[in-house]
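Turn these sequences into a full structure, and let the hints steer you where they fit.
Numbered by my numbering, the letters in the sequence shown go through residues 302 to 459 in order.
Hints are computed from structural coordinates only; laboratory data are not their basis.
Every residue, glycine too, gets a C-beta built ideally from N, C-alpha and C.
Capping the alpha-carbon separation at 20 Å, the derived lysine to aspartate or glutamate pairs in EDC-like fashion look like this:
hint	residue 1	residue 2
1	Lys454	Glu443
2	Lys412	Glu328
3	Lys412	Asp324
4	Lys412	Glu401
Derived DEER-like restraints, expressed as beta-carbon distance ranges:
hint	residue 1	residue 2	range
5	Gly365	Gly411	25 to 35 Å
6	Ala451	Arg338	30 to 40 Å
7	Thr442	His367	17 to 27 Å
8	Gly411	His367	25 to 35 Å
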Amino acid sequence: MSAGVQIAAKMAHGRELAAAFSDEAFEAIWFAADPARPITTGDLLCGIASLPNARAARVLGSLGLHPSVLRAAIEHARAEPLPDPAEPYRATPNAARVLELAAQDARASGKPSFDAEDLLLATLREANGAGSEALRALGITEARLRREIAGTKRPSEH
Numbered sequence: 302m303s304a305g306v307q308i309a310a311k312m313a314h315g316r317e318l319a320a321a322f323s324d325e326a327f328e329a330i331w332f333a334a335d336p337a338r339p340i341t342t343g344d345l346l347c348g349i350a351s352l353p354n355a356r357a358a359r360v361l362g363s364l365g366l367h368p369s370v371l372r373a374a375i376e377h378a379r380a381e382p383l384p385d386p387a388e389p390y391r392a393t394p395n396a397a398r399v400l401e402l403a404a405q406d407a408r409a410s411g412k413p414s415f416d417a418e419d420l421l422l423a424t425l426r427e428a429n430g431a432g433s434e435a436l437r438a439l440g441i442t443e444a445r446l447r448r449e450i451a452g453t454k455r456p457s458e459h
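Written as structure tokens, this is what we have:
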């Protein structure tokens, strides 16, 4: 089993995800991963913002939400409860819920896998997570985020 598959399995807390990760979504999760501590929704948000060519990262940038701005907002957000046991590449319950929401959204849209945009929207929708709290503190609503995503082209559409 590859390290990536192991991370995804641990993040899902043993639950089956309804949709697979797209390469871009997996890359965001990989950027978020730190073996020294559990992955939070704030880590997922920073991972998405760190994707060099992703539409979701461009959306965040167009909203003025660059990684340094996001990190500062996340530092002021409340801490997320840690998973039990706290082991490498384990996700907080809030981050695991983000994966579930992203998978549900992808399935509802008829997509075979969830992408970084699904992950970004799910991060905002998980109201108890530090990522959502940071986005909302920065004035981002779900409607605004959806409009921005709809108006931003994918890299292949340029």
